[in-house]
Amino acid sequence: MGDMGDSGHKGDTMEQKKKAGYEYLLAYKLTVPIYDYTVEFCSRCSPYHRLSPISPSSPRPARHSLGVGGSPHFPYLSSTRTHDQMIQAARSGMTNIPEGAKQESLAGYIKLSGIARGSLEELLKDFLSYARQHGIAIWGKERAIRSGEARSRSAGELGVIWEILRENPTLLDSPHFPHLPDHPEAAINLMITLIHQANYLIDRLVKSLEEKHAREGGFSENLLKKRLEYKNKTFHPSILP
7 MGDMGDSGHK GDTMEQKKKA GYEYLLAYKL TVPIYDYTVE FCSRCSPYHR LSPISPSSPR
67 PARHSLGVGG SPHFPYLSST RTHDQMIQAA RSGMTNIPEG AKQESLAGYI KLSGIARGSL
127 EELLKDFLSY ARQHGIAIWG KERAIRSGEA RSRSAGELGV IWEILRENPT LLDSPHFPHL
187 PDHPEAAINL MITLIHQANY LIDRLVKSLE EKHAREGGFS ENLLKKRLEY KNKTFHPSIL
247 P
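If you number the sequence shown the way my numbering does, the last residue is 247 and the count never jumps.
Relax, there's no trap hidden among the hints.
Label pairs and their calculated CB-CB ranges:
no., residue 1, residue 2, range
1, 140, 221, 42 to 52 angstroms
2, 134, 209, 15 to 25 angstroms
3, 220, 162, 38 to 48 angstroms
4, 220, 138, 35 to 45 angstroms
5, 86, 222, 44 to 54 angstroms
6, 181, 202, 16 to 26 angstroms
7, 221, 135, 33 to 43 angstroms
8, 104, 184, 20 to 30 angstroms
9, 29, 217, 16 to 26 angstroms
10, 217, 108, 19 to 29 angstroms
11, 174, 86, 30 to 40 angstroms
12, 55, 172, 28 to 38 angstroms
Below, computed lysine to any residue pairings styled on SDA-like, alpha-carbon distance capped at 25 angstroms:
no., residue 1, residue 2
13, 117, 214
14, 108, 221
15, 108, 214
16, 108, 220
17, 117, 221
18, 131, 85
19, 108, 207
20, 117, 209
21, 131, 213
22, 131, 84
23, 213, 27
24, 131, 185
25, 131, 199
26, 131, 54
27, 131, 88
28, 117, 210
29, 218, 207
30, 131, 93
31, 131, 198
32, 213, 168
33, 108, 222
34, 213, 113
35, 131, 94
36, 218, 203
37, 108, 121
38, 117, 94
39, 108, 120
40, 218, 27
I should point out that these hints are in silico values taken from the structure, not numbers from a laboratory.
Quick reminder that beta carbons are idealized off the backbone N, C-alpha and C, glycines included.
Please model the entire structure based on the sequences and the hints provided.
What follows is the structure in structure tokens.
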């Protein structure tokens, strides 16, 4: 499917290329860590924690107390609805490409890939809103890889993620992605970067599918073509061998 259909890893064998499907696509593979990290992020700042009953004898944690590893706790998400929607959007971004690949029609594949793209766009807006509401800086494309402890760590984790994505034809059952950064600024910017990259890759996948659809036709178009050929042979027996 164009260069977006390439798996992006080293050392493909002919057998692997013959079996290539959605699991080999970087457009799909990148949505897996996005989903995992979104679940981890939402767990850290879940408003459900705020609703959980606390024993009178239990010390109430300070809003800006230090968490695991000495990093600040993430501020709560605005609502449980936002929490649930973010996880659902990340899951939709991950599952709709596989569902599309199972469609008999290229049009169905294109449609579901577009739904995956739209879900990730909604997720991106939620992360941007969270950053805006809590005064978290959003790094520009150039600043994201410059000096600074949070930036350096985020850039390092991004490199590890891509190394894992590219080192095998498909993702392992447990790919061992690095943990989401402890610092909210690094975590948010890592998520924003990953989603931008996934959206770019899905756009290329959709474009490739659209070009293939225009060139070869979809399932319905090919079925109609076969029916017309059959009718022509039926009404013009002289063309039969």
